[in-house]
Amino acid sequence: NAGVTQTPKFRILKIGQSMTLQCTQDMNHNYMYWYRQDPGMGLKLIYYSVGAGITDKGEVPNGYNVSRSTTEDFPLRLELAAPSQTSVYFCASSGQGGEKLFFGSGTQLSVL
Amino acid sequence: AQSVTQLDSQVPVFEEAPVELRCNYSSSVSVYLFWYVQYPNQGLQLLLKYLSGSTLVKGINGFEAEFNKSQTSFHLRKPSVHISDTAEYFCAVIDLTSGTYKYIFGTGTRLKVLA
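Going down the list, the protein sequences come from chains P and W. At position 103 of the first sequence the residue is numbered 103 (the numbering used here), and the sequence of numbers has no breaks. At position 23 of the second sequence the residue is numbered 23 (the numbering used here), and the sequence of numbers has no breaks.
Heads up, a few of these hints could be off.
Said to hold, decoys possible - Calculated cross-link-like contacts (lysine-lysine; reagent style DSS-like; alpha-carbon spacing at most 27 angstroms):
no. : chain 1 : residue 1 : chain 2 : residue 2
1   : P       : Lys44     : W       : Lys69
2   : W       : Lys112    : W       : Lys49
3   : W       : Lys69     : P       : Lys9
4   : P       : Lys14     : P       : Lys57
5   : W       : Lys112    : P       : Lys44
6   : P       : Lys57     : P       : Lys100
7   : W       : Lys112    : P       : Lys100
8   : P       : Lys100    : W       : Lys69
9   : W       : Lys112    : P       : Lys14
10  : W       : Lys69     : W       : Lys49
If you're looking for bench data, these hints aren't it; they were derived computationally from the structure.
Work out the full structure: start from the sequences and follow the hints.
Printed below as a string of structure tokens:
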């Protein structure tokens, strides 16, 4: 099994550009999450989803949007990229609430 | 809102010495607690979890943690560390009273094992 797959691995954006970070899981998990990781700040929850068609905000949702049209996919959209969005982004999934998270390998994003 | 505090940002320790990484969470009636480890340039991996039952939880690689409800703590311990334990460790909590399953992570503790 591939597990949780994130693309791209690296990306450089100019201020004001937009992009979509892709996340796909092949474990039929209901729960999916997007986190950003900044040095010394740990992981901050951006958005999460408990199933197809259901999404909700996390701790730091501003500047981001998500959709969950299928169980497998949970893309994260950045509109009008800003330097403050420079970070490492992780997608994660779990089968049921409280089960362990399976993480993707991360996307390193720089906004210049 | 639920929060997690890891007071130690870095912990240096000599090889074969014991280590304790501290984690405290804000008060809640019912929580799930986790420790994850992140090796360089990788995603996070589960070390251990507390859902219910025995307050002493054993995980992989010789780590264990103790749930202390009165002190709202979930400290991670290992009696003898190895060089390969050098990594960043994250404590995480799910607040069951919120009705969601949002994982909230602490800021992490970087464990550096010295030869």
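- Item | Given pair status - Lys69 of chain W, Lys100 of chain P, alpha carbons within 27 angstroms | holds (21 angstroms)
- Query: Taken at face value, is the distance from the CA of Lys69 of chain W to the CA of Lys44 of chain P at most 27 angstroms?
  - Reply: holds (24 angstroms)
- Message: Need the status of pair Lys69 of chain W, Lys49 of chain W: alpha-carbon distance at most 27 angstroms?
- Response: Given that 27 angstroms is the threshold and the Cα spacing comes to 15 angstroms, the pair holds.
- Between Lys112 of chain W and Lys14 of chain P, is the straight-line Cα distance small enough, at 27 angstroms or below? violated (36 angstroms)
- Satisfaction of hint between Lys100 of chain P and Lys57 of chain P, Cα-Cα up to 27 angstroms: Answer holds: Lys57 of chain P to Lys100 of chain P is near 20 angstroms, not above 27 angstroms.
- Message: Tell me if the straight-line CA distance from Lys69 of chain W to Lys9 of chain P falls inside 27 angstroms.
- Response: Between Lys69 of chain W and Lys9 of chain P the Cα gap is close to 40 angstroms, so the pair fails against 27 angstroms, i.e. violated.
- Message: Hinted pair, alpha-carbon criterion (27 angstroms max): Lys112 of chain W, Lys44 of chain P. Please report holds or violated.
- Response: The hint holds at about 23 angstroms.
- Task: Assess, step by step, whether the Cα of Lys112 of chain W is no farther than 27 angstroms from the Cα of Lys49 of chain W, and give holds or violated.
- Result: holds (23 angstroms)
- Is it true that the CA of Lys112 of chain W sits at most 27 angstroms from the CA of Lys100 of chain P? holds (25 angstroms)
- Is the Cα-Cα distance between Lys14 of chain P and Lys57 of chain P 27 angstroms or less? Given that 27 angstroms is the threshold and the Cα spacing comes to 25 angstroms, the pair holds.
This entry does not satisfy hints 3 and 9, going by the numbered hints stated previously.
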